[in-house]
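Please arrange chain P on chain F, whose structure you already have, making use of the hints.
From first to last, the protein sequence lines are chains F and P.
Residues 1 to 205 (the UniProt record's numbering) make up the first sequence, in order.
Residues 1 to 205 (the UniProt record's numbering) make up the second sequence, in order.
Please keep in mind that the hints were generated in silico from the structure rather than gathered at the bench.
All the given hints hold, so there is nothing to weed out.
Below are the DSBU-like pairs computed for lysine-lysine, each with C-alpha atoms no more than 35 Å apart in a straight line:
{"no.": "1", "chain 1": "F", "residue 1": "LYS193", "chain 2": "P", "residue 2": "LYS200"}
{"no.": "2", "chain 1": "P", "residue 1": "LYS200", "chain 2": "F", "residue 2": "LYS154"}
{"no.": "3", "chain 1": "P", "residue 1": "LYS193", "chain 2": "F", "residue 2": "LYS154"}
{"no.": "4", "chain 1": "P", "residue 1": "LYS154", "chain 2": "F", "residue 2": "LYS200"}
{"no.": "5", "chain 1": "P", "residue 1": "LYS148", "chain 2": "F", "residue 2": "LYS148"}
{"no.": "6", "chain 1": "F", "residue 1": "LYS193", "chain 2": "F", "residue 2": "LYS154"}
{"no.": "7", "chain 1": "F", "residue 1": "LYS82", "chain 2": "P", "residue 2": "LYS193"}
{"no.": "8", "chain 1": "P", "residue 1": "LYS82", "chain 2": "F", "residue 2": "LYS193"}
{"no.": "9", "chain 1": "F", "residue 1": "LYS193", "chain 2": "P", "residue 2": "LYS35"}
{"no.": "10", "chain 1": "F", "residue 1": "LYS65", "chain 2": "F", "residue 2": "LYS55"}
{"no.": "11", "chain 1": "P", "residue 1": "LYS148", "chain 2": "F", "residue 2": "LYS200"}
{"no.": "12", "chain 1": "P", "residue 1": "LYS154", "chain 2": "F", "residue 2": "LYS154"}
{"no.": "13", "chain 1": "P", "residue 1": "LYS148", "chain 2": "F", "residue 2": "LYS193"}
{"no.": "14", "chain 1": "P", "residue 1": "LYS82", "chain 2": "P", "residue 2": "LYS193"}
{"no.": "15", "chain 1": "P", "residue 1": "LYS149", "chain 2": "F", "residue 2": "LYS154"}
{"no.": "16", "chain 1": "P", "residue 1": "LYS154", "chain 2": "P", "residue 2": "LYS82"}
{"no.": "17", "chain 1": "F", "residue 1": "LYS193", "chain 2": "P", "residue 2": "LYS154"}
{"no.": "18", "chain 1": "P", "residue 1": "LYS82", "chain 2": "F", "residue 2": "LYS200"}
{"no.": "19", "chain 1": "F", "residue 1": "LYS200", "chain 2": "P", "residue 2": "LYS200"}
{"no.": "20", "chain 1": "P", "residue 1": "LYS200", "chain 2": "F", "residue 2": "LYS148"}
{"no.": "21", "chain 1": "F", "residue 1": "LYS193", "chain 2": "F", "residue 2": "LYS149"}
{"no.": "22", "chain 1": "F", "residue 1": "LYS65", "chain 2": "P", "residue 2": "LYS35"}
{"no.": "23", "chain 1": "F", "residue 1": "LYS82", "chain 2": "P", "residue 2": "LYS200"}
Number of protein chains: 2
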Amino acid sequence: MPEQVPKRLRGRPKQTDNDISMQQTIIYTASTLFKEFGYEMVTLQQIGKKCGVSKPTIYYHFAGKADLFVAAMTTMLQNVRKITAHMLDEAEHLRDGLIRLAEARLANPHGEIEMMMREAEPFLEEEQIHAIRESEHQIHDVLASHFKKAMDEKIFREEDPLFLAEAFSTLMLMGNRAHDQQKYESHHVMAEKIVRVFLKGVTTT
Amino acid sequence: MPEQVPKRLRGRPKQTDNDISMQQTIIYTASTLFKEFGYEMVTLQQIGKKCGVSKPTIYYHFAGKADLFVAAMTTMLQNVRKITAHMLDEAEHLRDGLIRLAEARLANPHGEIEMMMREAEPFLEEEQIHAIRESEHQIHDVLASHFKKAMDEKIFREEDPLFLAEAFSTLMLMGNRAHDQQKYESHHVMAEKIVRVFLKGVTTT
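Pulled out of the complex, with its shape left as it was, chain F reads as follows:
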């Protein structure tokens, strides 16, 4: 969001800890509202009201609704990236990490993000869309680097690691089908089943 930078330099005081925490509160509130009602329906007034700040305060931190939306989306996606990296780094075996990850993602469907993006895209600048897509791409990069390692260790067959990262991420979208999900005992059971398909496929040989 390069537009913001000159705005802040124009004689404004440096960001204090308070500013940062206020900014984070606004981002968090905006994320929740955008998720629930979509880009178009949410107003800055509504966001301000929900976190108890005035519209000018929001404008102090963000150039406008599109700008705040980009901040909300990239923050969410960066959190997913951090969780992804953490779970895969901590796991003793890649399989365990993938199951934990799948479980977390099934509980918190990522498809919502794609849905929000589609709706908001007509209102965003090319550059803003790119910033969000870049944050999303970084999640795939984390997965791909672990998959590459598994290929080097001959655990995975040779394949484009990024393609596999996208295939795995896509499988996580099964979590969006709330009406189907009730059929499976729990996110954990479903996560295990999905990871099994991904790792072993469905054939017997």
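This is chain P only, laid out in the frame that chain F set:
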């Protein structure tokens, strides 16, 4: 759409071939417009104008916009079901059928349908949503029956066939990522890669 039935019986002449083809034209035009602009943005007037019929003519065939939307969605989904059945029935090996199917679905992303549904849902009756979901479910049933057969023949391992059908369908959503897709040579190459992950998984053993 049970509401329609009494409406037609009320002294209206029986549907002629002409009526049926007009109805199909309206459904087809509506599908195209709903796909492009989403439920809310499209008006019956716009649909009528595009296929050269008056609004009363649309009302002769459909109770209203929601009713026409349901007809458009179920028609699209029934076509996907027919194509799915045809491709899997015709293929000598299940793998070939799945590749052809994946290729067709990648070219015509199904995610659009999910997107349209989400947007329209607040305007639909419970019963109308159910009718659309039922058409979607029938696609999974076709896949599941082929997967069940493969299990009986010990080609697939034992697993809930409907779960596998949903996993396969979800993988097809990779076709929605137009911005990613350009990286892969063609839908055919991508279809082969996806089917390989589904059948064999990604591990070497």
